[in-house]
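The whole structure should be built from the sequences, with the hints applied where relevant.
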Amino acid sequence: MYRFDVGTHVRLIGGLADHYGQLKGTVTGVREHVSGLTHLNKYRVEFHYAAEDWFYEFQLASAHDDFDQSSHRHTAAHPDI
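Start counting the sequence shown at 375; every next residue gets the next number (this note's numbering).
Calculated from the structure, these hints are not laboratory results.
Don't take every hint at face value.
Stated by the list, open to error - Per label pair, the in silico range of CB-to-CB distance:
# : residue 1 : residue 2 : range
1 : Ser436    : Arg405    : 24 to 30 Å
2 : His413    : His393    : 16 to 22 Å
3 : Ser436    : Leu414    : 16 to 22 Å
4 : Thr412    : Leu390    : 17 to 23 Å
5 : Glu406    : Ser436    : 25 to 31 Å
6 : Gly388    : Glu426    : 16 to 22 Å
C-beta: ideal position from N, C-alpha, C; glycine also.
Put into structure tokens, the structure is as follows:
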């Protein structure tokens, strides 16, 4: 079972986020770990500037909350929308 499906919005976390910033992208591929260690599943992530790379599950977090909050802030700032 995968934590993230293709099409899921994710962001980098941990040391990667410290070094590269909290880059956000979309999962475009999934590889299950051969021994079934789910934290070592790999995900191909495409970033908004068209670059992509593979990351382990423990290096990613869902960015869904970030997207919801940003749209909520936008709506709250413009209640007529």
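Hints versus structure:
no., hint, verdict
1, Ser436 / Arg405: 24 to 30 Å, "19 Å, violated"
2, His413 / His393: 16 to 22 Å, "20 Å, holds"
3, Ser436 / Leu414: 16 to 22 Å, "18 Å, holds"
4, Thr412 / Leu390: 17 to 23 Å, "19 Å, holds"
5, Glu406 / Ser436: 25 to 31 Å, "19 Å, violated"
6, Gly388 / Glu426: 16 to 22 Å, "19 Å, holds"
In the structure shown, a violation is registered for the earlier hints numbered 1 and 5, in ascending order.
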